[in-house]
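So the protein sequences, as listed, match chains S and W.
If you read the first sequence in the numbering used here, its first letter stands for residue 309, the second for the next number, and so on.
If you read the second sequence in the numbering used here, its first letter stands for residue 28, the second for the next number, and so on.
Think of the hints as simulated: they come from the structure by calculation, not from any bench.
Just so you know, nobody snuck in bad clues.
Covered stretches of chain W, as calculated for chain S (at least 3 residues, CB under 8 Å): (1) 109–115; (2) 165–177; (3) 246–257.
Think about it this way: if two alpha-carbon atoms lie no more than 25 Å apart in a straight line, the pair counts; the simulated DMTMM-like pairs of lysine to aspartate or glutamate are: (4) K433(S) <-> E461(S); (5) K64(W) <-> D338(S); (6) K61(W) <-> D109(W); (7) K379(S) <-> D390(S); (8) K64(W) <-> D311(S); (9) K379(S) <-> D112(W); (10) K61(W) <-> D381(S); (11) K220(W) <-> D82(W); (12) K64(W) <-> D82(W); (13) K61(W) <-> D85(W); (14) K220(W) <-> D71(W); (15) K61(W) <-> D326(S); (16) K220(W) <-> E123(W); (17) K64(W) <-> D326(S); (18) K61(W) <-> D311(S); (19) K379(S) <-> D311(S); (20) K379(S) <-> D117(W); (21) K379(S) <-> E141(W); (22) K220(W) <-> D112(W); (23) K379(S) <-> D389(S); (24) K61(W) <-> D338(S); (25) K433(S) <-> D144(W); (26) K433(S) <-> E141(W); (27) K379(S) <-> D338(S); (28) K220(W) <-> E130(W); (29) K433(S) <-> D250(W); (30) K379(S) <-> D71(W); (31) K64(W) <-> D223(W).
All figures in this text were calculated on a predicted structure; none of them were measured in a lab.
By construction, the Cβ of each residue, glycine as well, lies at the ideal position given by its N, Cα and C atoms.
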Amino acid sequence: MRDITVTINGRPMSATVDPRLLLSDFIRQDAGLTGTHVGCEHGYCGSCTVHVDGASTRSCLTLAVQVAGRKVDTVESLAPDDETLHPIQQAFEDCHGLQCGFCTPGLLMSVAELANTNLVCDRAKIREHLAGNICRCTGYHQIIDAVEQALAEIREVQIDG
Amino acid sequence: MLDSDDIGRRRREPAKRAARDEIDMNDRGPVRMKPPKFDYHAPDTVREAVAVLADVGDSAVVLSGGQSLIPMLNLRLARPTDVVDLGAIDGLANLEPVDGGLEIGAMVTHRQMETNDLVASITPLAQHAAGFIGHRAIRNRGTIGGSIAHADPAAEWPAVLLALDGTITLASAETTRTVPGDQFFEALFTTAKRPDELITSVYLSGRFQNSWGFSEFQRRTGDFATVAVAVGCVIATGAVVEARIALAGVAERPVRCPDAEQALIGTRPGRAVDAAIAARDSFEPVGDCHGSTEFRKRLVFAETKRAVTQALGPDLESRANA
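Isolated chain S (complex conformation) (with noise of 0.2 Å):
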């Protein structure tokens, strides 16, 4: 077993762990936050995408004590408090950009990093990141027309902050 601290959403957190835990179940089972799913469990379907120091990352593809003294970001930490959401899961919900939503957490964390790196981007450009996530509902048309109005409602938020 490893004693490991992590700064999950802002918030450090200590446990110990099994070192064959991964930093999928360590986030639902240890630290209670349910919003990461978990889907094939090996890399494939994208669902199960957190933010490892700001960087998207498969938290089934690492494991809990690799990400010792770091900080990571889950789904959670999207919105500012429980009665807003962030633009990008407004425009997902204007945009019908999920069904069951199960993908959905997965996906909001990709496109949350695409806002960070590269906010203007055309729908090409918008497939080519998201291509590492599956969604088996919604035929993508409309995760794109979300992230499509998300990216314009950031870059309007930066242009008159």
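Position chain W against the provided structure of chain S, taking the given hints into account.
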């Protein structure tokens, strides 16, 4: 059709299998642990890491980015006794210009290779190829050293390493040695690296920075290459004086194609097509549900032609069409 007895038997089987593996419990019930049990080492230095490898032997595996190893652990295709995590070792993720080329630490990520200015100027082929690896989340964590040690015959880095006359530096408890890429990849997932050795860095030559090409066919964005071709040339006074063509996805290991390389030397017209024909005729890729041998040979032709055309540029290659 299955009758109800068959279905019943099938349902009972997984329970028997599960009983063989230990199941950890906590106060909420069974904890779902995907990877098998192993002893975990997080050394601070290369010296400590190779000491563990020397001690444990070939039942240990090295964890760098984990983007190939952890799926194998999750699926229990790999059952190592020990995992040596390189994440705590300082200095393994450096990029350094050396002798006109680039010395790349084993823990440099695909994403670093994709975005770093030194990579773009000294080894633009490597920078371009990095973007074809997996998805962004994979590139953020996966490392060049891990990919080369894993030696997937359809992966990008091994082919790029061969095209850029690369070398691999291996450390063990006794010594450090440097192996040319041409001698490193031996067979499917099999390399010249001994179990007690660790890849500390790879070196890519800078002499191909003005004449390179890379072309890859993927079934979907982020998939492994069905076929990928990496080309590095040296051009002097309008003539090709050195050519290296390496292919991924066509054999059980990344391979160069001497016949295609020979076709590029000099100033003859029509070289891209000649090289593409030579490459197509050099390999018999194994067909599967994603493409027959014949289909893959056509891909070898098309991707070689594209990569060579990119490497020689419109000026040199226009003579092919004259």
